[in-house]
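Number of protein chains: 4
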Amino acid sequence: MNFKTYAESTGKRAIELAKKAERASKETGVNIIVAPQFTDLCRVAEAVELPVFAQHIDPIAPGAFTGQVQADAVKEAGVVGTLINHSERQLKLADIDAVVRLAGEKDLISCVCTNNPSVSAAVAYLQPDIISIEPPELIGTGVAVSKAQPEAVTNTIQLVRKVNDHAVILCGAGLSRGEDVSVALKLGTQGVLVASGIVKAKDPYTVLREFADSTKL
Amino acid sequence: MNFKTYAESTGKRAIELAKKAERASKETGVNIIVAPQFTDLCRVAEAVELPVFAQHIDPIAPGAFTGQVQADAVKEAGVVGTLINHSERQLKLADIDAVVRLAGEKDLISCVCTNNPSVSAAVAYLQPDIISIEPPELIGTGVAVSKAQPEAVTNTIQLVRKVNDHAVILCGAGLSRGEDVSVALKLGTQGVLVASGIVKAKDPYTVLREFADSTKL
Amino acid sequence: MNFKTYAESTGKRAIELAKKAERASKETGVNIIVAPQFTDLCRVAEAVELPVFAQHIDPIAPGAFTGQVQADAVKEAGVVGTLINHSERQLKLADIDAVVRLAGEKDLISCVCTNNPSVSAAVAYLQPDIISIEPPELIGTGVAVSKAQPEAVTNTIQLVRKVNDHAVILCGAGLSRGEDVSVALKLGTQGVLVASGIVKAKDPYTVLREFADSTKL
Amino acid sequence: MNFKTYAESTGKRAIELAKKAERASKETGVNIIVAPQFTDLCRVAEAVELPVFAQHIDPIAPGAFTGQVQADAVKEAGVVGTLINHSERQLKLADIDAVVRLAGEKDLISCVCTNNPSVSAAVAYLQPDIISIEPPELIGTGVAVSKAQPEAVTNTIQLVRKVNDHAVILCGAGLSRGEDVSVALKLGTQGVLVASGIVKAKDPYTVLREFADSTKL
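Chains as they are written, first to last, in this note's numbering: chain A, 1 to 217; chain B, 1001 to 1217; chain C, 2001 to 2217; chain D, 3001 to 3217.
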């Protein structure tokens, strides 16, 4: 679950949201990863037992880089992985490669976001741990990728598996109902990446439960 | 004091460094502001009574922005101000304007970094609280701006004061000895912006004391 | 007149459009500057006697920069000036400063685009030859800045003139009728920056004439 | 041959350099592609019978984009292909994908530059016509990739061929002598990408001949 920079997932509300995710995870046994903002990482990591991801890290070693985000810093905050190249924080290709390597060296789980099947296949060659396809035109719309573009998901899986048999494949964008999740899994993904569908929901816990329960259908 | 992303100023070491700054500040009565990495902001703000700045914020309202840094998030972490447009994190002109306004709305102190006198004068019109001139070619060199380019500092003060009589004016780049600081103040600045001179020093506390004491000469 | 990258102002059609502007200029005695795409600069400069501007140049000296645009190259193509920091091609503040200086050294007329009065005043300090205010929310809308935001124009003039008495001040965004131009001049500007209002018009020559005639009302 | 933005390959000197390349090409029968600056494309394309490439194009359709480079504009200038993602003009991954597709739609030959074997393999999935590996640390050094990092070249070929059997594979960076070229071909590349080795040479024609002759050894 990507917290983005919504008001509903900032500061104290980030911790509350993470606790709801923890409760839904414990009740259902479904793995939920939370990705809060940089400033909330340490507090969320302390508050819950869920795996915590950063939303982005920069392709840098420790040094003279003001206002950037280095791998060691997020690790010290309790982070175990990172999103890379989210459509709202895209990177140059060489930097995606560098950050995936950096994550590997630092024992951080790398989750590279992609926008279509061929880009997903390209990324598969960089050996990230997770690939998440999110057609940008569907993000935040409530129109689920799994229903609106099922072939984008299945083509991604097919192309990625030709060159990479171990990366976890997720999909995201527009997921707002439990059914969207169960369809995504039936298409062959191993999970989903969600944001506004939960963060902006009136009752995030209920949606989290619905999503988690739907993984078992 | 800008912590940048040095190994010496990350995580636990960020807190230790901030405590040394707090000690030097309390012993000398000199104001010291610390600017740790995003991930360390809340822990440093809890650990010391010094004012804490962010190293950067993005020109965004809360919303669907992954991997970015919003004003409300740094405020909730205990931050009271922010660096803007550091030479290692430069912004487009319209974004500097937007972030200075945003900081004003959020009661965050805005400190815009500039690279020369005419850019400083340009920034003065955007009404930030603090303007800090740092010739980028001297950053991290140990060659102090106050000694190598005193006219850059005095020209900045002269040009800025023509259009803005309230902004605090700092200078930075290459400051490594107490004398560099006292010269900077004699040139007319109201403080200094330092990073590697302290963070990378063998004994940061001693340098901090030397810098703080030099403000009184 | 900014040709942007419209189909109507590319290649041969750029030359035809420039010739219409030349005719309108000769018939009315009104100065018209044309700013075609990089690839069309030399052919347009050969085809017409109007002053030709580039739409952008990079803050670089000749050297190892692939895919960038250097001052000497546009000069050799017959260009006499350049737009800088158009809202569709924004620059970091230090780069605006560098490009304005570079243009000065190369005897190129510098026209810096700005988005609001305070940014215009900031730019005035960098001493460009021309400042053009274009509220980005009006660009391409057909809603003229001179009518929708007259105070943005008059405030720009007032603030700029406090620190700079020689820069030519233009305004742009949404200008589509002759009246928009005459109002702009009555507000105190010395000309206008237009694009889609002419380029996308059914009959660009007629609109050009209408605009040129309106400068005399 | 990438002209970059060197003084030696700007304006009239771009045409002279292209004519030297044309002479070397005709005398030896070796294919030479020239990639001048945007502003020189039409004049070079008129002056010589060699294939002319752009150094970069933007991922845009015709429209309201100031200071950018669109596919139709370079085509009208006589261009038949384009470099993409040169290490001095890197693109986001999704933009590389978009530009390769755009080039395909416009019948432009796409040549994507890469920095290492795994990035090359990633790019192979995007189906460009040409892939050129150039380790950035060797560019402009005179230390030839084919001699300093032969395994980067052979690993690239091996990885690319697993997923793409038709893309032409080039290598570049540091090539300054004919021997560098013949070694590159022996490693399995189908050509080389060169810039300063020729552009900055005292006698570019002689080096061009030496390079062209070396392809036959």
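These are calculated hints, taken from the structure and not from any lab test. Each hint should be verified, as a subset may be incorrect.
Label pairs and their in silico Cβ distance ranges [unchecked claim]:
#1 C:2104 / A:7: 42 to 48 Å
#2 C:2186 / D:3104: 39 to 45 Å
#3 A:27 / B:1105: 36 to 42 Å
#4 A:61 / B:1105: 42 to 48 Å
Every residue gets a Cβ at the ideal spot worked out from N, C-alpha and C, and that includes glycine.
Taking the hints in turn, this is what the structure says about them:
1. Remark: the range hint 42 to 48 Å for residue 2104 (chain C) to residue 7 (chain A) is upheld by a beta-carbon distance near 46 Å.
2. Against the hinted window of 39 to 45 Å, the Cβ-Cβ separation of residue 2186 (chain C) and residue 3104 (chain D) comes to about 51 Å, which falls outside the hint.
3. Under the hint 36 to 42 Å, the C-beta atoms of residue 27 (chain A) and residue 1105 (chain B), about 41 Å apart, fit the expected range.
4. Checked against the given bound of 42 to 48 Å, the beta carbons of residue 61 (chain A) and residue 1105 (chain B), roughly 36 Å apart, lie outside it.
In the structure shown, a violation is registered for the earlier hints numbered 2, 4, in ascending order.
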